[in-house]
Amino acid sequence: MEVTQETVAAAVNSVASARGKGTLPNLMAFARALKQLGVKVSLSQVLDASRSADLVDIAEKSDFRAVLRSNLILQKEDFPTFDMLFDRFWREQSYERVPMETMDIQGTPADSHAQEGGDEEGGLEEAAVESIPKEDLQLENLDEFAVPTYSPQELMNRKDFSEMGVEESRAIARAILLIATKIATQISRRKKIGRKGNTVDPRWTMRRSMKYGGEIIDLVHRKKRIKKTRVVLLCDVSGSMDCYSRFLIQFMYGLQNELWGVETFVFSTSLSRITHLIRTKDIGNALEKISGSILGWSGGTNIGRSLHTFNRNFAPSMVTHRTVVVIISDGWDRGDVSLLEREMQDIKRRCKKIIWLNPLLASENYEPLCKGMQAALPYLDLFLSVHNVNSLVSLGRTLQKMVA
Amino acid sequence: MNPEQLTIEQVQEILLKEKYVCDRALATVVYLSLIMGKPLLLEGEAGVGKTEIAKVLAKVLDAKLIRLQCYEGLDSNTALYEWNYPKQMLRIKLEEVEHGDKEKVETEIFTQEYLIKRPLLEAIQTDGAGPPVLLIDEIDRADMEFEAFLLEVLSDFQITIPELGTLTAKHRPYVFLTSNRTREIHDALKRRCLYHWIEYPTFEKEYEIITTKFPEVESKMARQICAFMQKVREMNFYKRPGVAETLDWASALIALNRKNLDDKTVVETMGCVFKYREDLHHLREQMEGRQLNLDALLRASPEMVS
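Keeping their order, the protein sequence lines are chains A and B.
Just so you know, we're using my numbering here: the first sequence kicks off at 1 and counts up by one.
Just so you know, we're using my numbering here: the second sequence kicks off at 1001 and counts up by one.
A couple of the hints might just be wrong.
[As the list claims (entries may be wrong)] Once the Cα atoms are required to be at most 30 Å apart in a straight line, the calculated DSS-like pairs of lysine-lysine come out as:
no., chain 1, residue 1, chain 2, residue 2
1, B, LYS1102, B, LYS1055
2, B, LYS1190, A, LYS40
3, A, LYS353, B, LYS1275
4, A, LYS61, B, LYS1190
5, A, LYS76, B, LYS1213
6, A, LYS348, B, LYS1275
7, A, LYS76, B, LYS1019
8, B, LYS1190, B, LYS1220
9, B, LYS1239, A, LYS352
10, A, LYS76, B, LYS1055
[Unchecked claim] Between beta-carbon pairs, the in silico distance windows are:
no., chain 1, residue 1, chain 2, residue 2, range
11, B, PRO1086, A, SER44, 40 to 50 Å
12, A, SER44, B, LEU1164, 42 to 52 Å
13, B, ASN1293, A, ARG334, 32 to 42 Å
Read the hints as simulated data drawn from the structure, not as lab findings.
Glycine included, each C-beta is placed from N, C-alpha and C at the ideal position.
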């Protein structure tokens, strides 16, 4: 979900009636507003936040902010949302003087005023964004793209996924499950006990021998367990991939929900992390959330820049020697090819395998001639086609061989 | 020192006394964590001082530091407790020779005497006067199973050993968890913790860190170092250097008796800051191409009064 001054103002307004005297009611309202903006907060967190608030001088605004943030926010990505809401939520009354005791229950005059103020500010901000040259915007994006930014130069439109039917996806879902297990299977360093295995487990051998009065009769062994790899999925959602978007969503959703430890990103001209958006069992809801938050859907492509963002902000922590990076893209790139090549090299160095799935590969006279694809080719471990269910099944088989 | 009577300012002060420079927000969450007895989850890039704060706190609170370094495959045997089976085995054999009572042996070999305490059990059963500081380092490296199991320990501060019963904490330990974010920590665990993200320091904070750790350093060189580090963190390096690298570098420069930073010195000592061949190469290129200009950096950096 996109967080702007308007949505924040709307969230504050909608919980205005729930605000009351004292810390707790206000915090509950605050938490509800956070929820509306897409940040999950549990009741126990709110209670702890309220307890914490009693421990500091809440007239000190920065302390109060730190207190609420450390209790309610569990990932850095939500900090900007929190800060925007915090500023708006607690500023309505003269905060510094009388913190929460005087919060006005009706709140209507103050709120309607806030609403006006919000609109005005939002408008100003948008105008300001428009006047910033494109390059500056991009720099900003690199650092802070948890909040989707507005960029007028690029073709941005929202995609409506509502027409997508779930029933036709059964076959795809099965194939994805197969692929998911193949991509993800690896031998673990963690061991489990069993009759056969390489090493003896003295602890359990001892335990079992108790029934024979300490005489060792059965040896208990340990064997290596199957362990799941981590997968990072990078999906191209630019205009040229439009006709596959339905499949892409399925694939991202399927993979993420079948496996533990999948990180999902989409990119066109810039990159967005959507892992948290599709971490749900309800696909319809997930689709709505994605289409609501990704602005670059069906825009142009800049693979190099997107990968750069990925390498800079996410790869150092998310990609390790046991991570499989899966890129789904047709390779049509309008950006700097040498940048793309550099970034591919970077990913290659960090990860276990790079798999590139290209929906165009299936068409008869396709050759990976576009510059972007050519630059990426040397760094790929697997270059495969995905365009229909059959190709998915064969992808599953290939992966099976690869793991075996 | 009794943590319950501290204020936020005092937390900041006592940490500074041990040369840990921390901003007000971090001091606030540390204070809360101490008072509420809630674990504190610290995230941030490598080398920003996540582990350090737990160590320093243990020192200033005069508490025992119990550290659990997480790794893949860490299981409850290594984290919690294990029976001392060779000793048990020996006892059984001895009793066998002396024709001892089987029932008696069976109960006796499962007593505290035959128990090996691992960090988590140690944190709960510690004998000291006050609560210990439990540092669970790099929790993101451990696997999901371990996380789930930690959940149980951190919510009740008790451990159930089937043969012995439930052991409850004498003093609830101060718990610090750190994560480098190589993967997301499960929400259930996060919800039991306070959360704080430690950013790379600003120019001013980094300057303060250097001058606190190395009072002998010249103000100009400290400014040069900070300006340089701030700049390279913005640039495109494979591994961005943290505060730990800054301190390594500063101490190297002091050991070499340098009073001023020039291009040659930087190139000579860069091994302290960059640990990849490509990064070193990239740096040399940038310095030759004057994209990274020490004098310009120094000029652009704020004046500091020490």
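Hints versus structure:
1. B:LYS1102 x B:LYS1055: Distance of about 47 Å is beyond 30 Å: violated.
2. B:LYS1190 x A:LYS40: Holds, at roughly 12 Å.
3. A:LYS353 x B:LYS1275: Status holds; Cα separation ~24 Å.
4. A:LYS61 x B:LYS1190: holds (25 Å)
5. A:LYS76 x B:LYS1213: holds (29 Å)
6. A:LYS348 x B:LYS1275: Status holds; Cα separation ~18 Å.
7. A:LYS76 x B:LYS1019: holds (27 Å)
8. B:LYS1190 x B:LYS1220: Violated. B:LYS1190 to B:LYS1220 sits at ~42 Å, over the 30 Å cutoff.
9. B:LYS1239 x A:LYS352: holds (18 Å)
10. A:LYS76 x B:LYS1055: OK: A:LYS76 and B:LYS1055 at ~24 Å, within 30 Å.
11. B:PRO1086 x A:SER44: 40 to 50 Å: At 44 Å between Cβs, range holds.
12. A:SER44 x B:LEU1164: 42 to 52 Å: violated (30 Å)
13. B:ASN1293 x A:ARG334: 32 to 42 Å: Once the Cβ atoms are compared, 33 Å apart, the range 32 to 42 Å for A:ARG334 and B:ASN1293 holds.
Of the numbered hints stated above, those contradicted by the structure are hints 1, 8, 12, listed in ascending order.
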